[in-house]
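Spelled out from the first residue to the last, the chains are:
Protein chains: 2
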Amino acid sequence: MESTQVAATAQIINKDQLLTHWLGHRKVTRRALEAFPEKELFEFSIGGMRTYAQLTKEMLAMDGSTARGLATDDWGTFDEEKTELTTKADLLASYDESTEKIQNYWKDISMEKFQEKVVAFGQYDGTGYSILFYIIDNEIHHRGQGYVYLRALGITPPNFWEQY
Amino acid sequence: MESTQVAATAQIINKDQLLTHWLGHRKVTRRALEAFPEKELFEFSIGGMRTYAQLTKEMLAMDGSTARGLATDDWGTFDEEKTELTTKADLLASYDESTEKIQNYWKDISMEKFQEKVVAFGQYDGTGYSILFYIIDNEIHHRGQGYVYLRALGITPPNFWEQY
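Residue numbers (full-length UniProt numbering), protein chains in the order written: chain A, 1 to 164; chain B, 1 to 164.
Watch out, some of these pointers could steer you wrong.
Stated by the list, open to error - The calculated lysine-lysine pairs, modelled on DSS-like cross-linking and capped at a C-alpha distance of 27 Å, are:
#1 K113/A <-> K113/B
#2 K117/A <-> K27/B
#3 K113/A <-> K39/A
Because the hints were derived from the structure by calculation, they are not lab data.
Take these sequences, add in the hints, and give me the full structure.
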């Protein structure tokens, strides 16, 4: 009882909260993807950057696979080409599959894993938590860039703070 | 001993790691600010968005004050105008002051605070951790937008992954 209480009060963010945090961001990211016109999603960019479809594919190469990697140590190969995804509907469907994957693998990630050394995708050294935070942050980063693309296209992006 | 061990292994991210994570992002943000040319920092924007100086001022209204708020419950008033900051050197100096403030207040934030209900700046309901994660995420979001501004200006932004 004593030890449980200490563990509970000593937690900065617990596992349920971290999943809610991650999925909350994904709701915003999905809305941003949905806001893009089909053509511009695959063709528009600023300053020589990648298109938002390409940025989304990078997210899709990391998200579900990170949940699986943390749960099973199977990271698979890092594939951000995803040449099979050629329409907005494809990207949205793939994004939803990743969300489901995250929700399914989450329960199999042990609390200890967050503090273990991991080599994500066989090449990125980190700690469980640092890898996960990195891929969430990377998604926020690229989604923020997508907001500029949307604004440049005259489209109002989703509210950043509506993570529910 | 038993209870200490449980608390240690049950942690997703510990307090030192969270500070390192936050300060790591701030190093990247500082480099992004530094990369802007003086004039464009205050004048350039895309699609009717705020300038990067304005986005930086929003960050500066939240960062050090959040550390102080979590440490002391004194959130002060939310001021994102900061009309006194009129040059890049001003913004960089203010950013460095905030970093110092974060480092100084960090030790005074109790572990319990991260799970307490807080009303940030007298108006934003949340939990200690959620408010802190929000302002870090908000900085990543706007910095990502700054990267597009830099690319549009023909300037290579700092590497996102060099958070040290």
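Okay, the hints, checked on the actual structure:
1. K113/A <-> K113/B: 24 Å, holds
2. K117/A <-> K27/B: 24 Å, holds
3. K113/A <-> K39/A: Violated - the C-alpha atoms of K39/A and K113/A are around 41 Å apart, more than 27 Å.
Against the hints set out earlier in the document, a violation occurs for number 3 only.
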